[in-house]
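Chemist: Below are the chains, spelled out letter by letter.
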Amino acid sequence: MNHLDSVPVKEEEVKVIVNPKVFLVSRQSVKEFLIEKGLFLFTILSSILIFFVFIFVAKEAWPVLKANGLAFVYTGGWDQDFYRAWVATAKEPSWRFGALPLISGTIFTTLGALCFTVPLGLGCAIFLVEVCPPWFFKPVESTVRLLSAIPSVIYGLVGLLVVVPWIDRHLVTNEMALRMAKVAALDGTSLLAGILVLGMMIVPIFVALAADALRVVPKVYKEGSLALGVSHWRTIIKIMLPGAKKGIIAGAILATGRAIGEAIALSMVSGSVANIPNPGHGLVFFLEPLRTLASTVVDNAEGMGVPTCESALFACGAFLLVSCVILSFFARWVARTQKQGGS
Amino acid sequence: MLNTVNGKTKLHARELSAWYGRTPALKKVSVTIPANSIVGLIGPSGCGKSTFLRCLNRMNDLIRSFKLEGKITLDEKDIYAPDTDIVLIRRKVGMVFQQPNPFPMSVFDNVAFGVREHNRGVNGKKLENIVVNSLKQANLWDEVKDKLPQSGLSLSGGQQQRLCIARLLAVKPEVILLDEPCSALDPLSTGKIEELLLELKKSYTIVVVTHNLGQAFRISDYIGFFLLGQLVEFGPAAELAVKPKEKVTADYISGHFG
Ligand SMILES: Nc1ncnc2c1ncn2[C@@H]1O[C@H](COP(=O)(O)OP(=O)(O)O)[C@@H](O)[C@H]1O
Ligand SMILES: [Mg+2]
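As given, the protein sequences belong to chains A and B, one line each in that order.
Using my numbering, the first residue of the first sequence is number 1, and each one after it goes up by one.
Using my numbering, the first residue of the second sequence is number 1, and each one after it goes up by one.
Since the hints were derived computationally from the structure, they do not count as laboratory data.
Treat the hints with care, as some may be off.
[As the list claims (entries may be wrong)] Part of the chain B face toward chain A, derived, beta carbon under 10 Å:
#, residue
1, ARG64
2, PHE66
3, LEU68
4, ILE86
5, LEU88
6, ILE89
7, PHE97
8, GLN99
9, GLU117
10, CYS164
11, PRO173
12, ALA250
Remember, predicted model here, so these are calculated numbers, not experimental data.
Where a beta carbon is used, it is the ideal one built from N, C-alpha and C, also for glycine.
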């Protein structure tokens, strides 16, 4: 939760400035003084660095954003646009790009992954904290934390070798493939594969944070509810989960951030086609391929030499940055409003 | 409640022994708790009063290392029998804790919580009536009638404790267990809770642990003196105050009195 929140660091700064004690000359305080100054310096440096990253991305993305305006967001055709821009001559560059498929791809995969991560993760966290015996708890919890540290390319490999073939064999029928042939090839690489792999990736971190949040709900609330003759299960739902709400939402936000920014694993399993899955197609919707903003930056990186393509990719990056900023503000807002609620 | 016949046994413990892991906490405690009385439990800290109290509504089931031998009956039914519905036991035998622990929700919802849980259909006017009556019964209504939507945590300590009693009364238990309910409160709030317990005795059976001997003798009909996990003496409060049978009891009481 802390790394969403740079406020503690800021408090350090204030202390350095206003705390007169650090100027007393003793070895201890000299050391503290140096450490605090050092931390302060790092904070400043990283803030400046982040600032420049924003400026740089904005500057690079600007030509494409200016040329397309809002059409960048609401029109499709990215793959054709990109190809056209790539083969265009330097004299007549093609600035038209429509990123709707990438944006929708990011939203579909992220929301889909959240839809299965949150209930599953909550179930796991409740089981870990409230149900399973302590000897079982420790090993499982360390495993969960380990899982959240596995590099995403491994998840991508598992997805490519297990999930994608399974979907191709068991869910995609010939009839579907024929019907969809004009739109996209159905070969197992799909929204569903993306959702499943992304879900597997973000479940561990969500479980770890939700379990922490459940564990710090004051025991007296739980006892108070049980002593009223409310069952353990209802106590979990009505007392424990609301008490842990803040931490659970923070976990979901962090998981969302990871999902939005995930590039490699999704590029491996979701088809890498700038297609907008159509909910009108029924359940085939989930079997259609797509590509997210982050995957696009990786998959289309070969276009980097061409100024138009480069700017378009930076525009994708700008969207990712902005969504991260929005998430982090949302996280702060949750933290603040929950505190006022008194829980 | 219906069982207003005095002299009827509400709770009975026989040869109750308890351990936390290997450490014994209770040693062969036997006691009979009559209906519609207040039983005060006294003794130095660490002697097993809370442990005993928490056996009566199976709150100790939450502690994994806890082991129990012996028998406890509620209305002649063994509450540790394998086919017992623990939730039902806790519904009949409610508990108030040492630290007031209102839920982080409004005053109204605090009282309504248990009612809604036990009776999903209840709402509107009916629920409101139950809440208001319970707050009145807990002598809290006048102080909070304008604060029903406020957080229960915004009340004073004494009010919080009476709120906890009100939310318990709302689910109509038969027995009320209180574990040092006044130890975190000022004398004025303590007095209010004592008065309240004396009123509640008419309809409920009350077992209260207290480290305040004055309080024990003011409100209890029976007093049990615990020492090192044993119930050294149990009898009518009046008798214990005048001439306790055991010397340790006398020492403890006089030591505290003066
Ligand atoms: N959860 C627990 N785990 C282990 N030992 C406990 C626990 N609760 C109480 N004890 C021990 O059991 C003994 C009796 O405690 P308790 O019933 O709380 O005493 P009292 O309420 O009379 O002060 C004490 O020695 C205490 O240390
Ligand atoms: Mg105690």
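Chemist: A separate judgement is required for each hint: does it hold in the structure or not?
Modeler: Going through the hints against the structure:
Against a cut-off of 10 Å between C-beta atoms, the interface hint on ARG64 (chain B) holds, since the closest Cβ of chain A lies about 7 Å away. Hint status for PHE66 (chain B): violated, given a least beta-carbon distance of 14 Å to chain A, over 10 Å. For LEU68 (chain B), the interface hint is violated, the least distance from its beta-carbon to any beta-carbon of chain A being 17 Å, above 10 Å. Here the hint on ILE86 (chain B) is kept, as its CB sits about 9 Å from the closest CB of chain A, short of 10 Å.
Taking 10 Å as the C-beta contact cut-off toward chain A, the hint placing LEU88 (chain B) at the interface holds, the least distance being around 7 Å. Interface hint status for ILE89 (chain B): upheld, as the beta-carbon distance to the closest one in chain A is roughly 8 Å, under 10 Å. A distance limit of 10 Å between C-beta atoms decides the matter here; for PHE97 (chain B) the minimum to chain A is near 6 Å, and the interface restraint holds. The interface hint given for GLN99 (chain B) holds, since its Cβ lies 6 Å from the closest Cβ of chain A, which is under the 10 Å cut-off.
Interface hint at GLU117 (chain B): satisfied, since its Cβ lies 5 Å from the closest Cβ of chain A, which is below the 10 Å cut-off. Look at CYS164 (chain B): its Cβ gets to within about 7 Å of chain A, closer than 10 Å, so that hint holds up. The interface hint given for PRO173 (chain B) is met, as the beta carbon of that residue sits about 8 Å from the closest beta carbon of chain A, less than 10 Å. With its C-beta approaching chain A no nearer than about 35 Å, ALA250 (chain B) sits outside the 10 Å limit, and its interface hint is violated.
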